[in-house]
Amino acid sequence: MYIEMFEIVTFISTSILAILSAVMIVKTKSLIYSALFLGLLGISMAIFFALMGYQIVSLFQIIVYVGATVTFIIFSIVMLRETYVMEVSSKILSVSTATLILLVFTAIIFYTTGTYSLIPIDVSYDKVTELLMGNYTLPLIIVIFALITTLIEGIIIARKEVEK
Amino acid sequence: MIPLFLYLLLSSILLAIGIIGLTINRNIIKMLLSLEVMFNSSLLLLLSLSTISNPLGGSLIAIFAITLAGAEVGVLVSILIMMFRIIGDVDVFKIKKFRG
Numbered sequence: 001m002y003i004e005m006f007e008i009v010t011f012i013s014t015s016i017l018a019i020l021s022a023v024m025i026v027k028t029k030s031l032i033y034s035a036l037f038l039g040l041l042g043i044s045m046a047i048f049f050a051l052m053g054y055q056i057v058s059l060f061q062i063i064v065y066v067g068a069t070v071t072f073i074i075f076s077i078v079m080l081r082e083t084y085v086m087e088v089s090s091k092i093l094s095v096s097t098a099t100l101i102l103l104v105f106t107a108i109i110f111y112t113t114g115t116y117s118l119i120p121i122d123v124s125y126d127k128v129t130e131l132l133m134g135n136y137t138l139p140l141i142i143v144i145f146a147l148i149t150t151l152i153e154g155i156i157i158a159r160k161e162v163e164k
Numbered sequence: 001m002i003p004l005f006l007y008l009l010l011s012s013i014l015l016a017i018g019i020i021g022l023t024i025n026r027n028i029i030k031m032l033l034s035l036e037v038m039f040n041s042s043l044l045l046l047l048s049l050s051t052i053s054n055p056l057g058g059s060l061i062a063i064f065a066i067t068l069a070g071a072e073v074g075v076l077v078s079i080l081i082m083m084f085r086i087i088g089d090v091d092v093f094k095i096k097k098f099r100g
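These protein sequence lines are chains A and B, in that order.
Sequential numbering from 1 applies to the first sequence in this note's numbering.
Sequential numbering from 1 applies to the second sequence in this note's numbering.
It is worth saying that the hints were derived from the structure and are not from the lab.
Among the hints, a few may not be true.
In silico BS3-like pairs for lysine-lysine, Cα to Cα no more than 27 Å straight-line [unchecked claim]:
#1 A:29 - A:91
#2 A:27 - B:94
#3 B:94 - A:29
#4 A:91 - B:94
#5 A:91 - A:27
Please take these sequences and the hints and turn them into a complete structure.
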């Protein structure tokens, strides 16, 4: 009983946090604050993953996404001097498109899922690592190479420009 | 137990906010951040749907997606910094000057 109440309260508060963070990412004029709110959105997503029972993905989200990706964005924005944030003059088209997409998705969700409730699952750490090292070795190598390219890009950005 | 449609509804709301941010902004960094909002919403959708079908496969795809998102952001941000160094601005309307 108490656990269910805790789960519902956590879900509602994290949903509010996620939606507010997403709105602030779009609305804030400062790029640094936008990136910080992206970190907050990443943390709220990690809480959702943990609520569903994906503890490993939740940890991965916090370590890799919030800890590396968002930090990389923040440090890159610091490298640029303050840029002027401009918006297109007519927002009606974009807002109406997004509303239409939201309505279509909501209708599909209500017709397909109904009142199905999620029971928290338990994804074992052993099984995930076994699958990663056994069946998914090639994708793992590709991901490692992709991360190495990111490292190289970071070095290239950070190096001093040689004057010609 | 939280109903599945609440997760999916939240994912749709985040997707809509991301689309609005992507289409109303002219600053390419703000567009990238809006794309990241859309990525987070799709990740939530993937994991909530995989709970009812294949949790293990869903978590593996999510791990790969998070890592590749990090690499993708690295590529995009380095392109942005190069663009800023060349034309001194990150406005998408001035990107024509960046060609060739």
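Hint check results:
1. For the given pair, residue 29 of chain A sits about 16 Å from residue 91 of chain A by alpha-carbon distance, which is consistent with the 27 Å threshold.
2. In summary, the hint linking residue 27 of chain A to residue 94 of chain B is supported, as the alpha carbons are separated by about 22 Å, within the 27 Å threshold.
3. For a cut-off of 27 Å, the pair hint linking residue 94 of chain B to residue 29 of chain A stands: about 20 Å separates their Cα positions.
4. A distance of roughly 20 Å separates the Cα atoms of residue 91 of chain A and residue 94 of chain B; the hinted pair therefore holds under the 27 Å criterion.
5. The suggested pairing of residue 91 of chain A with residue 27 of chain A holds, with an alpha-carbon distance near 13 Å, which does not exceed 27 Å.
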